[in-house]
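With the hints as constraints, model all of the structure from the sequences given.
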Amino acid sequence: MLGMSISNSILKLVGIEDKNIKINDISHQTINGVQCHIIETKLSYDVERCENCGFPDVIKNGTHQTKIRLSSFNGDRYILKLAKQRYRCYHCNSTFGAKTDIVKFNYSLSKRFDEDILAQACSSLTATQIAKMYGCSASSVIRIINRHCHPKYREPVLPKHLCFVQPEG
Numbered sequence: 034m035l036g037m038s039i040s041n042s043i044l045k046l047v048g049i050e051d052k053n054i055k056i057n058d059i060s061h062q063t064i065n066g067v068q069c070h071i072i073e074t075k076l077s078y079d080v081e082r083c084e085n086c087g088f089p090d091v092i093k094n095g096t097h098q099t100k101i102r103l104s105s106f107n108g109d110r111y112i113l114k115l116a117k118q119r120y121r122c123y124h125c126n127s128t129f130g131a132k133t134d135i136v137k138f139n140y141s142l143s144k145r146f147d148e149d150i151l152a153q154a155c156s157s158l159t160a161t162q163i164a165k166m167y168g169c170s171a172s173s174v175i176r177i178i179n180r181h182c183h184p185k186y187r188e189p190v191l192p193k194h195l196c197f198v199q200p201e202g
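Numbering (my numbering), first residue to last: 34 to 202.
Possibly wrong hints are sitting among the right ones.
Below, simulated SDA-like cross-link-like pairs (lysine to any residue); rule was C-alpha separation at most 20 Å, straight line [said to hold, decoys possible]:
| hint | residue 1 | residue 2 |
| --- | --- | --- |
| 1 | Lys114 | Glu73 |
| 2 | Lys114 | Leu142 |
| 3 | Lys100 | His70 |
| 4 | Lys114 | Asp51 |
Distance windows between CB atoms, simulated [said to hold, decoys possible]:
| hint | residue 1 | residue 2 | range |
| --- | --- | --- | --- |
| 5 | Asn94 | Val190 | 32 to 40 Å |
| 6 | Ser42 | Val80 | 21 to 29 Å |
| 7 | Gln98 | Ile39 | 19 to 27 Å |
Hints were generated in silico from the structure; no laboratory data involved. By construction, the Cβ of each residue, glycine as well, lies at the ideal position given by its N, Cα and C atoms.
Pasting the structure below:
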């Protein structure tokens with residue numbers, strides 16, 4: 034376990050502001066020929082009431098490991114191995130996990146990673162070029178762009194005044 038001030042500094046450096054995330058270890062690995070920085074963390078906090086039924090019969094029930102791709106600031110890849118705390122309610126017998134605002138539910142790319150890809154998409158790069166730059170697939174890039182960009186649709190009503198020009202001939 035790293036010291037609290039060092040842990041907070043590292044989390045701020047990679048753009049994580051969640052106070053419930055604690056760093057366990059930092060390592061470097063080569064994955065598919067690419068140097069990756071692995072930040073092993075745990076997300077845990079006390080829960081007063083069940084999300085489903087609202088009763089206070091909640092206990093901690095293990096963890097669930099997720100891998101989240103973080104945005105890069107020096108060209109290297111950063112992976113956050115996040116052990117999310119699981120909770121169990123004795124009243125309704127349901128389970129639920131700890132939540133964070135770093136990543137959307139059931140996603141593996143961080144919100145900041147999405148923002149960086151969108152910024153590159155605005156600079157007229159192709160999806161394949163962006164995918165090579167960020168080390169993800171072109172379909173992930175397209176999916177991120179489609180999720181954040183809404184095409185303009187035709188207006189549901191006609192304008193108040195219309196103009197028709199008769200062709201010559």
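For the pair we were handed, lysine 100 and histidine 70, check the Cα-Cα distance against 20 Å.
12 Å, holds
Cβ-Cβ distance between asparagine 94 and valine 190: within 32 to 40 Å?
54 Å, violated
Taken at face value, is the distance from the CA of aspartate 51 to the CA of lysine 114 at most 20 Å?
15 Å, holds
Compare the distance between the alpha carbons of lysine 114 and glutamate 73 with 20 Å, and conclude whether the hinted pair is satisfied.
5 Å, holds
Taking 19 to 27 Å as the hint, is the beta-carbon distance of glutamine 98 and isoleucine 39 inside that range?
For glutamine 98 and isoleucine 39 the Cβ distance comes to about 23 Å; the hint holds.
Holds or violated: 21 to 29 Å for the Cβ distance of serine 42 and valine 80?
28 Å, holds
Hint check: lysine 114 vs leucine 142, CA-CA at most 20 Å. Holds or violated?
Distance of about 12 Å is within 20 Å: holds.
Of the hints listed earlier, the one the structure fails to meet is number 5.
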